[in-house]
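2 protein chains.
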Amino acid sequence: MTSARADRLVGRSVARREDPRLLSGRGRFVDDIELPGMLHAQFVRSTVAHGTITEIDLTGVRQVPGVVAAFTADDLELGDITARLGRPLSEFVPTAMPVLARDRVRYVGEPVAVVIARDPYLAEDGLEAARVTYAPLPPITCEEQALAPDAPRVHAEAAENTLVDVGLFATEGIDEIFDQAPCVVHVDVRTGRQNALPLETRGAVAQWDAREEQLVLHTCTQTPHQVRTVAARCLRLDERAVRVIVPDMGGGFGLKCVVGREEIAAAAAALRLGRPVKWIEDRKDALSASFLAREQHYTARAAFDADGRILGLDTDVVCDMGAYSCYPFTAGIEPLMASAEMPGVYKVPAYRVRGRAIATNKAPTAPYRGVSRPQYVMAMERLMERAARELRLDPVEIRRRNVITDFPYTGVNNITYDPGSYLESLDLCERALREAGWYDRQTAARAEGRHIGIGFSCFSERTGYGSAAFAQRKMEVVPGFDLAEVRMDTSGAVTVTTGTISHGQSHETTMAQIVADALGLDFTKVKLHQGDTDRITYGWGTFASRSIAIGGSAVRLAAGRLGDKLRAIAAAEWGIPPEETELDRGRVRRRDDPDTALTYEHLADTAYLKSHLLPKDIDPGLTATAVFDVHNDGTFSNATHGVVVELHEGTGQVEILAYFCVEDCGVAVNPQVVEGQCRGGIAQGISGALFEQITYDAQGEPSATSFMDYKVPTAHEIPEVVIHHLETPCAFTETGAKGAGEGGTIGAPAAVLNAVNDALRPTGVELDNTPITPETVHRALTPRTPEQTP
Amino acid sequence: MTSARADRLVGRSVARREDPRLLSGRGRFVDDIELPGMLHAQFVRSTVAHGTITEIDLTGVRQVPGVVAAFTADDLELGDITARLGRPLSEFVPTAMPVLARDRVRYVGEPVAVVIARDPYLAEDGLEAARVTYAPLPPITCEEQALAPDAPRVHAEAAENTLVDVGLFATEGIDEIFDQAPCVVHVDVRTGRQNALPLETRGAVAQWDAREEQLVLHTCTQTPHQVRTVAARCLRLDERAVRVIVPDMGGGFGLKCVVGREEIAAAAAALRLGRPVKWIEDRKDALSASFLAREQHYTARAAFDADGRILGLDTDVVCDMGAYSCYPFTAGIEPLMASAEMPGVYKVPAYRVRGRAIATNKAPTAPYRGVSRPQYVMAMERLMERAARELRLDPVEIRRRNVITDFPYTGVNNITYDPGSYLESLDLCERALREAGWYDRQTAARAEGRHIGIGFSCFSERTGYGSAAFAQRKMEVVPGFDLAEVRMDTSGAVTVTTGTISHGQSHETTMAQIVADALGLDFTKVKLHQGDTDRITYGWGTFASRSIAIGGSAVRLAAGRLGDKLRAIAAAEWGIPPEETELDRGRVRRRDDPDTALTYEHLADTAYLKSHLLPKDIDPGLTATAVFDVHNDGTFSNATHGVVVELHEGTGQVEILAYFCVEDCGVAVNPQVVEGQCRGGIAQGISGALFEQITYDAQGEPSATSFMDYKVPTAHEIPEVVIHHLETPCAFTETGAKGAGEGGTIGAPAAVLNAVNDALRPTGVELDNTPITPETVHRALTPRTPEQTP
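Chains as they are written, first to last, in full-length UniProt numbering: chain S, 1 to 790; chain G, 1 to 790.
FYI, nobody ran anything at the bench for these hints, they're computed from the structure.
A quick note: this is a predicted structure, and the numbers were derived from the prediction, not measured.
By construction, the Cβ of each residue, glycine as well, lies at the ideal position given by its N, Cα and C atoms.
Just so you know, nobody snuck in bad clues.
Pairwise CB distance ranges, derived in the manner of DEER restraints: (1) P577(S) <-> P349(G): 45 to 55 Å; (2) R118(G) <-> V712(S): 43 to 53 Å; (3) P577(S) <-> G575(G): 35 to 45 Å; (4) E580(S) <-> A158(G): 41 to 51 Å; (5) R585(G) <-> D57(S): 44 to 54 Å; (6) D32(S) <-> S24(G): 26 to 36 Å; (7) G575(G) <-> H186(S): 45 to 55 Å.
Please construct the entire structure, taking both the sequences and the accompanying hints into account.
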């Protein structure tokens with residue numbers, strides 16, 4: 001592949017192709033889909049956290065005017081959604097998640113029956129007429145209850161509530177290292193249970209297409225082919241009899257990369273009734289009954305030498321998975337990722353870890369943006385801060401002494417890190433803060449009694465997980481490869497079809513940039529098609545920051561092959577070797593005579609409409625496909641975040657005064673898009689650090705089921721983020737890009753927490769948990785009177 | 001590819017997959033498509049055959065309640081539909097067919113304006129309010145007018161009304177051969193102008209999909225990708241911005257293999273209005289303003305030796321193309337096919353031919369089932385009959401002495417015929433009639449004064465035209481190759497996607513048979529997808545009996561490749577060479593240990609979901625594609641038809657007493673389907689011979705615009721057809737199949753005409769033209785009184 005163009009698009013902040021559509025109301029989301037005769041589904045949901053169902057009486061439901069049908073698990077006879085591990089792992093117990101609860105309920109909000117009515121409001125009326133009787137069982141609502149001896153079990157098929165127990169790494173002699181270390185610090189970090197909170201809640205429109213003998217399931221998912229697999233299994237259909245179509249999506253963040261129960265139930269109802277069925281989740285259900293995330297508990301210690309160099313790391317992590325293992329990312333994924341990757345950007349010579357996932361009577365979890373990384377980075381960065389204090393080192397300096405600088409670096413966790421800018425990003429971030437005057441302002445503010453703090457976080461993020469990396473996770477399915485097809489039509493316009501699926505990540509823009517460059521073609525001549533399981537053999541979808549690294553590489557390879565074919569056809573017409581041609585602005589040129597060129601339209605005309613003129617070894621048509629996979633440990637994006645906060649005494653408010661992000665995702669295909677990812681992720685990370693949390697009371701009732709109780713930031717709470725780019729190209733992706741989707745979310749909580757602790761330094765209080773509520777800050781800033789002392 | 005199955009499906013009359021859907025009302029035809037906000041189009045059509053448009057006043061139309069818009073050519077500014085030849089051919093004059101008439105109209109029914117309304121009836125109301133003024137020009141309504149010196153020209157850009165004049169073959173010394181031949185016979189054969197008359201008229205639903213930036217055009221066409229090309233050009237869009245989807249179709253017969261004007265106009269209106277537009281042709285428009293066919297005139301002579309062996313053939317053929325050359329099959333196709341292929345099944349040592357297409361002020365023509373073959377076979381078979389009479393030879397015997405028996409045979413026309421059963425089919429057909437007692441019954445009936453006749457026709461049909469054969473036709477586009485994709489999903493079910501498009505030919509059944517055999521897979525696990533330009537790179541569609549020969553070969557190749565991949569994956573798992581495995585009933589077996597097998601589900605699971613277990617040289621996924629083309633002169637199906645008629649004196653009715661067809665289309669993938677094609681084709685051929693005709697009066701007004709005037713047979717007029725199969729497998733298609741779509745239509749008119757002439761033998765009258773009307777027969781059977789003698 002050769003392109004003579006100097007005006008390459010990759011690396012430029014080309015304006016988003018998606019925006020004209022989305023900004024002018026021409027987007028099409030699931031809820032925009034209207035089909036003749038369409039019915040609407042709502043779900044009768046469990047009102048108890050744990051119990052056996054003694055009776056479901058839907059007689060009254062079926063009498064509500066406008067209600068067309070109501071189904072229980074027994075009515076629909078569906079297969080269960082069961083996430084398994086691909087290889088036997090004695091520490092993991094697979095647990096079945098029925099589409100509708102059968103016999104037993106395990107969390108408040110669990111779907112028990114589906115009501116189908118003429119409109120969604122009548123369906124809600126139907127819900128009120130449902131009579132479900134439960135025999136309550138004691139709910140498990142926290143780690144302590146779950147792990148208690150003789151605790152009631154969430155799943156009868158498991159001997160205990162711990163469903164995954166991994167102890168991946170344990171360096172020999174680690175106890176001696178800790179015993180002899182000059183400095184050992186401890187942290188106990190807990191992170192709150194959150195909802196990933198995409199702007200668009202979940203939803204589906206299911207329709208049986210009698211002509212195609214296919215269930216057409218429009219749904220907002222990050223993994224259309226996985227939904228197809230599960231829907232086909234639950235509905236007992238061949239996979240080809242299910243077509244999943246994903247229209248525009250208002251965010252996913254991992255919540256939509258596991259398969260939901262409601263879309264399967266809606267599909268089953270559509271099959272039963274022979275009419276289209278729409279289900280749109282409301283915010284109450286989204287908060288209480290979709291998939292939650294983040295609740296983890298790290299009990300960690302780290303050993304340092306006197307110079308602040310890490311000698312060892314010893315961690316116990318417990319992930320509260322809620323009631324079920326979700327498909328395909330079993331409960332195993334969170335403890336496995338935390339265990340494997342916690343050393344992060346630091347050189348850790350000795351490591352011990354135990355990772356567990358426990359079942360509780362709470363809504364199940366999905367791998368929310370960053371997965372375990374926001375949490376283990378928080379634990380790790382707290383350890384660094386604590387050691388810095390202990391050793392009276394500057395927080396930046398202690399990091400500087402520990403970050404990996406020689407690449408590729410194979411860690412104690414057996415993971416090989418490809419080159420990154422760990423030290424450079426740290427230095428640049430500190431310099432940026434310093435040059436912006438924040439250190440001086442902090443000093444001045446403190447003198448005035450104001451509580452200003454500066455905090456950092458350093459992290460790298462494994463992206464572009466290929467099948468090799470996923471295979472280590474022992475999942476039932478092993479994502480990794482992805483596919484792309486690049487097709488030029490007879491008019492010389494190009495359609496790119498991918499297995500990845502953009503739900504805010506601007507793939508319509510970035511994939512077109514990659515193809516336009518590869519083919520020397522006008523950007524507007526390239527159109528992306530995604531999100532239709534019938535249109536591409538397979539796709540693993542978009543999660544784990546894999547789309548540009550893996551999907552984009554497949555696109556680049558396929559475009560390259562198409563370019564080669566164009567050159568071969570032109571070369572044959574000229575009777576010269578293809579090497580003597582080049583692609584240039586919609587033409588193939590002769591290198592020896594650049595004024596002689598054949599347009600793509602001309603070559604396409606030959607390839608399709610005059611195929612008898614093609615040489616025998618060139619197939620007609622202009623379609624090229626490519627598969628790309630990563631056969632090593634993946635590629636590591638990295639960043640340093642630096643944040644300045646001020647704590648307000650009266651309110652306990654944490655105000656973010658400044659936010660700096662120095663990120664390196666290799667080649668940024670579209671820097672503006674990368675910045676959008678950073679800013680959005682940072683907003684979510686800040687929100688997790690300061691605002692969002694769903695707690696459960698002793699009965700297992702969730703605390704926050706609306707935006708009245710579930711606090712999310714507005715533009716007011718999110719600061720302007722100053723972003724600096726570094727570029728350490730990836731050596732093995734086709735574009736040099738690494739993943740950029742999750743970084744912001746990973747770095748923000750730790751940086752904010754560290755900044756708050758820095759601000760609190762004069763008080764002596766240290767906080768290790770998120771969210772950092774105003775109450776906590778207020779309490780920390782308020783000198784205790786004697787009677788308040790315990 | 002190896003399959004151990006003894007129970008092969010190819011060759012068996014498997015029940016049609018299409019029938020449960022179609023018989024239970026679950027088919028989806030264009031008119032079944034309902035979209036929110038859909039509008040309806042009707043066309044203001046020319047009331048004069050030839051004239052200039054002096055004024056179009058749509059003011060009144062726009063005031064009709066329910067009318068939303070009305071557009072003329074000037075309003076829509078569309079590109080023209082222009083069929084060109086791919087290589088310069090001085091004898092052909094390309095003529096532009098505007099989507100809506102501009103300035104000039106050239107036939108009664110030509111679309112002049114489109115009216116868009118809330119429903120189709122209101123749109124019809126709108127038509128009545130249109131005021132179009134014409135300055136009439138003298139219409140050209142027949143060959144004699146068209147070819148007259150100083151005839152008015154239908155197209156100003158052409159110097160005369162002859163738009164194609166080909167004289168492909170002229171053997172040296174042919175005049176001497178005729179001069180010296182012991183027997184020279186002449187015929188003057190004219191065939192009536194017909195409509196192909198699919199049960200479903202034409203129609204389209206056009207919608208602009210703002211999200212995909214695509215015009216989605218549901219239309220009933222045999223050539224979806226060709227419609228895409230033309231629509232994109234006329235609408236000035238990239239081709240990828242047009243998606244053509246073909247739902248179920250109620251027949252096409254060639255009428256739907258050219259691009260219509262109305263679907264483009266409907267699409268343009270949908271673009272303009274931003275709302276879906278439906279157009280459904282009514283029968284009046286179908287008969288008068290769609291595409292007609294068949295009207296040809298052969299002035300031919302043949303020279304024979306005393307033993308009845310052909311010495312030479314000399315033909316002039318004039319094809320009345322009507323007002324326009326249609327895309328992509330220009331006016332050239334009819335005279336070119338007739339000229340090239342007229343010698344047919346006979347050994348013709350010397351040949352001269354002149355083929356012309358003339359423009360007239362009649363509705364344009366499309367290549368109706370059989371294209372020129374029903375006509376040239378009629379001319380050729382009339383020559384054989386006449387020579388038999390002249391030489392007092394039995395009509396079967398004279399054919400027996402002339403049919404090609406040594407294959408491959410390269411004719412005087414430079415076409416190489418692959419093996420067929422020309423002689424065997426003739427012998428078998430005659431024997432079948434004789435054994436059924438028809439010769440005896442004819443003798444007995446004649447003795448009673450009844451008019452029973454026996455007639456035969458022998459023909460071969462070039463099918464599986466590859467690009468090599470089409471390239472000879474010098475068309476702008478050169479059909480030939482076709483594509484197939486065979487994809488197995490993770491459940492082991494298979495989807496086949498083809499570029500051909502079944503519109504009654506049972507591809508859902510036959511393609512599945514081919515794939516099921518190739519993969520050793522249950523027939524019900526295979527589903528065909530067709531008719532969506534976005535779903536396959538390209539497809540030439542279904543015409544010229546190409547689908548099974550070419551499309552089926554591509555399907556077989558692709559399925560074979562998929563089977564090879566399954567074997568390779570299994571072999572890798574076992575660590576043995578792929579050659580030591582075989583496919584058997586949904587499993588790959590070890591040859592050395594047939595009890596050891598891996599199911600397709602297991603292998604699919606590896607190929608998709610555990611791709612890390614695949615060997616490095618095997619790509620993930622289970623999709624295989626193949627291209628197939630024919631690089632020689634094609635493969636020739638053949639048949640002999642034998643028919644027994646009785647003429648009824650009082651009414652002039654031609655009653656068909658018996659019909660025998662001995663056909664050889666190579667391997668019949670599904671004999672019942674082949675028989676369906678034969679029976680349907682024979683019905684159409686009989687209808688052309690006896691019933692259907694659209695004449696034009698001197699003003700160019702068509703005679704038949706409804707079923708009141710356009711006579712079509714019912715079940716009563718169509719006899720039971722006795723079909724015998726012979727099987728001469730094609731050596732170069734992947735299944736051994738030849739095309740079977742057109743044969744019935746080709747053989748019937750000549751056989752019926754010969755039988756009628758045989759019945760008329762006692763009267764001395766000979767008929768050479770079709771349709772053979774009751775008036776003609778009545779006149780022939782009624783002894784002329786002296787005053788009736790001219």
